[in-house]
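Build the full structure now, drawing on both the sequences and the hints.
Which chain is which? The protein sequence lines are A and B, in order. 336 is the number of the first residue of the first sequence in our numbering; add one for each residue after it. 670 is the number of the first residue of the second sequence in our numbering; add one for each residue after it.
Some hints could be false.
Not the full set, but computed from the structure, chain B residues with beta-carbon under 7 angstroms of chain A [unchecked claim]:
hint, residue
1, V721
2, A724
3, G730
4, V731
5, G734
6, L735
7, C738
8, K740
9, S757
10, Q758
11, Q761
12, S762
13, Y765
14, P766
15, N767
16, G838
Calculated from the structure, these hints are not laboratory results. All residues carry an ideal CB built from backbone N, CA and C; glycine is no exception.
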Amino acid sequence: MVVFDRKSEPHTPSLLRELEEKARTIRRDSLIMTTEAGSGHPGGSLSCADLLSVLYFHHLRYDPANPAWEGRDRFILSKGHACPALYSALSLAGFFPREWLRTLRRLGSPLQGHPDSSSTPGVEASTGSLGQGLSIGCGMALAGRLDRREYRVYVLMGDGEMDEGQVWEAAMFASHQRLDNLVGIVDRNRIQLDGFTEEIVGLEPLAEKWRAFGWNVVEVDGHDLRQVAEALDGAEGVKGKPTVLLARTVKGKGVSFMENQVKYHGTPLTREELERALGELGG
Amino acid sequence: MRPSASMREAYGRTLVELGERHPEIVVLDADLSTSTQTFLFAKRFPERFFNVGVAEANLMGVAAGLASCGKLPFVSTFSVFATEKGLSQFKQSIAYPNLNVKVVVTHGGLSVGEDGASHFCLWDLAVMRSLPRTTVIVPADAVETEQAVRSLVRHRGPAFLRLPRAKTGLVYGEGYTYRGERLEFRIGGSVVLEEGEDATVLATGPMVVEALEASEALRKEGLRVGVVDVHTLKPLDERTVLEAASRTGFLVTAEDHSIFGGLGGAVAELLAERRPTPLKRVGVKDEFGKSGSWRELYEAYGLTSRHIQQAVREVRGMAR
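Okay, structure coming up:
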């Protein structure tokens with residue numbers, strides 16, 4: 336058993352460079368996968384690529400050869416439509432071969448259009464219909480406490496997902512249960528399928544909402560790898576309440592013509608656009 | 670008059686017993702634990718009981734998370750809330766990933782009574798039966814409830830078990846016996862209570878007692894009417910249903926549920942493809958229902974022994 340466990344490594348420039356490289360690959364993979372598939376959600380995959388890089392290549396503890404290891408940290412992608420980024424991270428972490436990535440969304444592929452825990456090694460929960468991940472995370476955190484295990488539970492949500500009532504049911508429950516082994520992360524890219532979050536149903540003041548629900552709230556730049564890593568570390572010291580990271584991000588981050596464009600929520604790049612995008616991303 | 674007993678209380682008691690031997694059992698409720706009787710478990714095992722408040726979406730999701738970490742969650746609330754408000758979560762978070770969660774609902778059907786239509790769920794069996802990987806069980810009485818709940822601990826995967834609110838008549842003797850014979854509860858099975866020659870009533874839940882009374886009354890008319898307790902709607906005991914069809918030629922289904930998609934639906938689907946047989950469905954006919962005592966409602970919506978008798982006479986008038 337070889338457990339990936341690098342949480343305690345200092346945030347040196349070389350570690351941050353490595354995380355940056357992984358994030359770059361996650362972005363490249365996400366764009367290639369969705370263009371190959373002819374459908375999918377590239378914009379929100381790019382906005383959370385840096386968050387996933389810090390989680391999977393620095394913060395989380397797991398064993399890719401034994402995805403069911405009971406002591407592992409749990410990560411739930413509640414914004415399931417960003418699964419190209421998750422699949423890329425899981426393949427880089429060694430949960431399954433890189434070749435699987437190009438089968439995304441094809442009949443018979445282990446990589447479903449939205450995450451499915453019974454199809455894909457390393458996927459902890461079946462998501463896609465928004466709003467459900469935080470509740471599942473609460474259950475995992477309760478189980479960890481009942482079994483006196485040290486693992487921690489991370490749930491990445493979209494900001495459009497904050498519209499869902501279930502998120503707030505779970506938020507209220509988590510703080511009532513004092514689930515300090517649970518961390519929520521909101522990919523605050525300010526865009527949902529139909530437009531800007533503040534124009535559809537305004538979410539602000541979002542930090543105050545989470546605070547009012549009894550959570551420890553940390554606001555970070557979701558593209559600043561050091562800030563994200565430090566916030567995740569810091570959450571471990573917060574006792575008696577769950578922590579949520581409100582990560583300010585840019586939808587389509589890393590590709591100039593995709594950034595802040597509503598269109599790329601659910602539209603893959605054309606072949607020509609993909610070439611340009613990969614050129615910009617480099618690597 | 671046959672003695673009656675509460676299936677809810679049988680559930681609550683059995684859960685405590687199982688909790689003693691199975692530390693993996695956890696119980697979740699949505700602010701109805703005194704009605705569903707899970708409060709008994711909560712009193713005995715407070716650390717393994719979670720009340721999520723009036724929040725059924727979260728209820729299902731939390732159960733999914735617990736199950737994915739090796740716990741065996743029993744989830745209880747009224748059927749109307751579990752299957753209407755928690756359906757999306759049951760589907761995506763529990764059934765699709767095939768998690769070992771047991772949803773045991775109370776207040777199924779018109780047996781809710783006075784609370785009225787907002788609290789009736791007359792389509793839960795239709796909805797749950799149509800979900801892949803989901804087992805659907807409807808015990809006939811308090812004795813069978815105990816057996817069914819025990820069997821859920823041995824069963825792997827998502828399951829839905831539906832109980833009524835009302836205290837209903839006992840079909841079985843203590844320890845799950847019928848006419849002195851000891852039975853064994855098997856998920857996917859059924860119990861032939863009366864062998865028939867002229868017609869068979871396939872009944873589920875509290876309608877099994879009504880079916881037995883109908884069979885007895887019809888004997889005075891010279892008819893031998895079989896009665897089967899179909900305690901598992903999914904997987905349906907197809908063999909027993911088809912045998913009853915062949916042997917008696919006429920079938921009636923009886924359930925405290927819409928005639929669409931529940932037991933009547935399941936049997937109609939099976940017969941149409943495998944052995945077309947005259948069939949009448951006793952159940953609620955495309956209505957929401959109204960307030961009243963459950964006995965009054967059973968009368969008003971056609972769910973009594975008398976209605977089953979009439980259905981048997983009618984089905985026997987149909988061409989074979």
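Structure-based check of each hint:
{"no.": "1", "hint": "V721", "in the structure": "holds, 6 angstroms"}
{"no.": "2", "hint": "A724", "in the structure": "holds, 4 angstroms"}
{"no.": "3", "hint": "G730", "in the structure": "holds, 2 angstroms"}
{"no.": "4", "hint": "V731", "in the structure": "holds, 4 angstroms"}
{"no.": "5", "hint": "G734", "in the structure": "holds, 2 angstroms"}
{"no.": "6", "hint": "L735", "in the structure": "holds, 4 angstroms"}
{"no.": "7", "hint": "C738", "in the structure": "holds, 3 angstroms"}
{"no.": "8", "hint": "K740", "in the structure": "holds, 5 angstroms"}
{"no.": "9", "hint": "S757", "in the structure": "holds, 6 angstroms"}
{"no.": "10", "hint": "Q758", "in the structure": "holds, 6 angstroms"}
{"no.": "11", "hint": "Q761", "in the structure": "holds, 5 angstroms"}
{"no.": "12", "hint": "S762", "in the structure": "holds, 5 angstroms"}
{"no.": "13", "hint": "Y765", "in the structure": "holds, 5 angstroms"}
{"no.": "14", "hint": "P766", "in the structure": "holds, 4 angstroms"}
{"no.": "15", "hint": "N767", "in the structure": "holds, 6 angstroms"}
{"no.": "16", "hint": "G838", "in the structure": "violated, 38 angstroms"}
Hint compliance for this structure: hint 16 alone is broken.
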